[in-house]
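*Asks:* Each protein sequence line maps, in turn, to chains A and B.
Note that my numbering has the first sequence beginning at 457, numbered continuously upward.
Note that my numbering has the second sequence beginning at 457, numbered continuously upward.
It cannot be assumed that every hint is accurate.
Repeated chains share a single entry, so a pair holds when one copy, or any two copies, can fit it.
[To be verified] Here are the computed lysine-lysine pairs in the DSSO-like style, where the Cα-Cα straight-line distance is at most 30 Å:
#, residue 1, residue 2
1, K674, K464
2, K655, K513
3, K634, K673
4, K553, K655
5, K634, K513
6, K634, K655
7, K674, K634
8, K660, K634
9, K606, K673
10, K464, K660
Everything labelled a hint here was simulated from the structure, so no lab data went into it.
Number of protein chains: 2
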Amino acid sequence: MAKVDIGKKIQSENDRVAERNRRRFTEAGVLVLNLISSPGSGKTTLLEATIDRLSGKRTILVIEGDVSTERDIERVRARGAGGVQINTGGGCHLSAKMVAGVLGDLDLESADIVFIENVGNLICPATYDLGEDVRVGLLATTEGDDKPMKYPAIFHEAQLAIVNKIDLLPYLEYDVEKVTTEVGVLNPSCEILTLSALKGEGMKDWIAWIEDRLSRKKG
Amino acid sequence: MAKVDIGKKIQSENDRVAERNRRRFTEAGVLVLNLISSPGSGKTTLLEATIDRLSGKRTILVIEGDVSTERDIERVRARGAGGVQINTGGGCHLSAKMVAGVLGDLDLESADIVFIENVGNLICPATYDLGEDVRVGLLATTEGDDKPMKYPAIFHEAQLAIVNKIDLLPYLEYDVEKVTTEVGVLNPSCEILTLSALKGEGMKDWIAWIEDRLSRKKG
Numbered sequence: 457m458a459k460v461d462i463g464k465k466i467q468s469e470n471d472r473v474a475e476r477n478r479r480r481f482t483e484a485g486v487l488v489l490n491l492i493s494s495p496g497s498g499k500t501t502l503l504e505a506t507i508d509r510l511s512g513k514r515t516i517l518v519i520e521g522d523v524s525t526e527r528d529i530e531r532v533r534a535r536g537a538g539g540v541q542i543n544t545g546g547g548c549h550l551s552a553k554m555v556a557g558v559l560g561d562l563d564l565e566s567a568d569i570v571f572i573e574n575v576g577n578l579i580c581p582a583t584y585d586l587g588e589d590v591r592v593g594l595l596a597t598t599e600g601d602d603k604p605m606k607y608p609a610i611f612h613e614a615q616l617a618i619v620n621k622i623d624l625l626p627y628l629e630y631d632v633e634k635v636t637t638e639v640g641v642l643n644p645s646c647e648i649l650t651l652s653a654l655k656g657e658g659m660k661d662w663i664a665w666i667e668d669r670l671s672r673k674k675g
Numbered sequence: 457m458a459k460v461d462i463g464k465k466i467q468s469e470n471d472r473v474a475e476r477n478r479r480r481f482t483e484a485g486v487l488v489l490n491l492i493s494s495p496g497s498g499k500t501t502l503l504e505a506t507i508d509r510l511s512g513k514r515t516i517l518v519i520e521g522d523v524s525t526e527r528d529i530e531r532v533r534a535r536g537a538g539g540v541q542i543n544t545g546g547g548c549h550l551s552a553k554m555v556a557g558v559l560g561d562l563d564l565e566s567a568d569i570v571f572i573e574n575v576g577n578l579i580c581p582a583t584y585d586l587g588e589d590v591r592v593g594l595l596a597t598t599e600g601d602d603k604p605m606k607y608p609a610i611f612h613e614a615q616l617a618i619v620n621k622i623d624l625l626p627y628l629e630y631d632v633e634k635v636t637t638e639v640g641v642l643n644p645s646c647e648i649l650t651l652s653a654l655k656g657e658g659m660k661d662w663i664a665w666i667e668d669r670l671s672r673k674k675g
């Protein structure tokens, strides 16, 4: 009897749907970013601050992934972005299929950027391609500076790592250089930004990074 | 053809092994706590502070669960506790079988308390019984005060919720009462402690809570 590796089967099915999503995003000419972090690292706050800064210049859509509640989509809608909430009902990550299931509810053609805020989890979302252009791994200074090596998968896959909550550095023992060094060991091509989404420090570099990616995508 | 629910099958196999672990722990007369939280909420720091305070009075063993690295077991060993590291190699939670696999390496008969520090993940570990007496859900003030309703499973299952990092409250917008109210809605019988493992505030209540549980277990 042939042995079936269920994990591999799920992964290749996900990859197929992710490729379909990617073609759809490319047709619509939108830049798509998949944000991954632990719960409470500041993904939604980063989106709020980003929407504020791109308001009037770029049209932003958000796909919010959460186990439960509509809290995050309400927060980004309050800042003027459109979007949709996916509740996984216990599921620990978004899949390409879940994203595909909501694309019909989004006016992709009129958008410039789609942010996908993944379920708060530093492990499971790391290996699920959703069809995004850029995978972003977020860390918060408040989580301690030992995290990259303890949760390596996301940094292997990410094109950008963000260290958020740098406004709290004066009250913490946190070595930013240790973190950036570890990310570099795991993935030398991963870029790194440090910022405070809440207070604004470093946000300019993040916005410039997005604009650069957007211009490359739009050619 | 009979349909097999793989999720249910895994769960019931896990429950069987968890019951076996529980019998083993009870034979040895040890109190076993399963600590669950996001990465960086302070589980290991709480263990360090707990070991320091119970040193000379109670014999503590630690089972450390991590995707990768031996960092956490090194930290608790440095404080004088015995124990063992489980690396899941990508796995997002401990299972009863993983715990069963290391029990032979632990001198349970000479111990009073076994702490199991689960993999840093607020979702997947919540539904895996490991054979523990007490499931503890940790939150950090730095993660924001909207977490219980967004990650309800752990609070449905926990006997105790801990809000850690209260020393940072002066620098955050965090409503402790909102969090304790939400936990109470999810699980009215869940007890709640607020503390700072790093600075010591509230640690006395936590130690008293453990001693109370220990005296009940030992009869």
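*Asks:* Each hint needs a verdict: does it hold in this structure or not?
*Replies:* Each hint, compared with the structure:
In this assembly of identical chains, the alpha carbons of K674 and K464 never lie at most 30 Å apart, being 34 Å within a copy and 47 Å across copies at closest. In this assembly of identical chains, K655 and K513 lie within 30 Å of each other by CA distance solely inside one copy; the values are 21 Å within and 46 Å between copies. Taking CA atoms no more than 30 Å apart as the test, K634 paired with K673 passes in neither setting, with 32 Å inside one copy and 43 Å between copies. Taking the shortest alpha-carbon separations for K553 and K655, neither the intra-copy value of 36 Å nor the inter-copy value of 45 Å comes in at or below 30 Å.
Neither within a single protomer nor between protomers do K634 and K513 lie at most 30 Å apart by alpha-carbon distance, with minima of 36 Å and 37 Å respectively. Within a single copy, K634 and K655 get their C-alpha atoms as close as 23 Å, and across copies as close as 23 Å, so both meet the 30 Å cut-off. Proximity of K674 and K634 under a CA criterion of 30 Å is satisfied in neither setting, with 35 Å inside one chain copy and 45 Å between copies. Taking the shortest alpha-carbon separations for K660 and K634, only the intra-copy value of 23 Å comes in at or below 30 Å, while the best inter-copy value is 33 Å.
Taking the shortest alpha-carbon separations for K606 and K673, neither the intra-copy value of 33 Å nor the inter-copy value of 34 Å comes in at or below 30 Å. In this assembly of identical chains, the alpha carbons of K464 and K660 never lie at most 30 Å apart, being 40 Å within a copy and 49 Å across copies at closest.
Violation of the numbered hints given earlier is confined to hints 1, 3, 4, 5, 7, 9 and 10; the remaining hints are satisfied by the structure.
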